[in-house]
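Add chain Z to chain H, keeping to what the hints say.
Protein chains: 2
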Amino acid sequence: MNDQEKINTAHAQTNLVIRQVINFWEANNKAITAFFNKHEDDVYLGEVAPGRNRGIYLLAHLIATNDALLPLFNLGEKLFPELAPLASEAESAVPFELSIADLRNKWETLNITLAGHFKNLTAEQWLSRHNSVSDEDFALDPTRNKLNVLMNRTSHENYHRGQLIFLNEKVLTV
Amino acid sequence: MNDQEKINTAHAQTNLVIRQVINFWEANNKAITAFFNKHEDDVYLGEVAPGRNRGIYLLAHLIATNDALLPLFNLGEKLFPELAPLASEAESAVPFELSIADLRNKWETLNITLAGHFKNLTAEQWLSRHNSVSDEDFALDPTRNKLNVLMNRTSHENYHRGQLIFLNEKVLTV
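Taken in order, these protein sequences are the chains called H and Z.
When we follow the UniProt record's numbering, the leftmost residue of the first sequence carries the number 1, and every step to the right adds one.
When we follow the UniProt record's numbering, the leftmost residue of the second sequence carries the number 1, and every step to the right adds one.
Everything labelled a hint here was simulated from the structure, so no lab data went into it.
Every residue gets a Cβ at the ideal spot worked out from N, C-alpha and C, and that includes glycine.
Some hints here could point you the wrong way.
Listed below are several chain H residues computed to face chain Z (Cβ distance under 10 Å; list not exhaustive) [to be verified]:
#1 2
#2 6
#3 7
#4 11
#5 21
#6 68
#7 126
DSS-like mimics (lysine-lysine), calculated; alpha carbons at most 27 Å apart, straight line [stated by the list, open to error]:
#8 Z:106 - Z:38
#9 Z:6 - H:6
#10 Z:6 - H:119
#11 Z:119 - H:6
In isolation and in its complexed conformation, chain H is listed as follows (with noise of 0.2 Å):
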């Protein structure tokens, strides 16, 4: 192999990993969707479990904390700020009157805008700081990059999946 066949080859591993992220938020986005779609609207208007969240709550709060990423990623302003809010308030603290309906158009025009911001990304910017870590701190520690917000900012979508399918569903084991 030369030199520039190895370089070409560590690029192609980068941007593969990269891809792994970014199909696994999709992915989770999907089984969001998914469920919110599944039932009549009255089902997410339920408690997942007794004196926990609404579902409707979290999907809200899903919305919230995803649309934190255009602001974090430098990519803009927030689709809506009227719910930012709910990204770490509970539900009792910050009462809103949008129905399931409109959460669902929020939910897919957020995706659909991130996904649009994504595809033009290049490694070095998803693996460029977030914006809010400073310069200093990221010299410190490069792992706090675009990148890994987005990893764990999917994984806490499957988080609140996991309690979401207690909602009107029978048990599931796994």
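Chain Z only, in chain H's frame:
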């Protein structure tokens, strides 16, 4: 930048992303470990929600699913083959007699074993096929590699952690 520097930079990027996935796995293991060390043992004998899995079952299920990484990654046989049915079967179908203390030990032993293997795998090995995909299918889809499995397996831990926190904890918003 000369060719050798370009090769080094590209390799460093690939290794960084691989390290991020391993860190992600370790951080999630740590969160599961902390959760199962937090309460009195009896707490884990409860169901996470009415009619749903018990905490103790979910720990056994996580051990069984992660133990399967050893043969899947060609790293050896499962440490706890007796738990293997719990990777895919409901607790009612596969009664088991282990205590939380036994399971904590097995979880710890498994994590140490896997971490020992993981630190020795090269980038090429991480990006090579796992044992449940054929050479032919892997050629068609090179994302079916070991690193991708580890990322998804880690998110699977987080899926169940989202359920486990319902066990005798205050309502959490995020």
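>> Hint compliance check: list the failing hint numbers for this structure, sorted ascending.
In response: Hint 6 alone not satisfied by this model.
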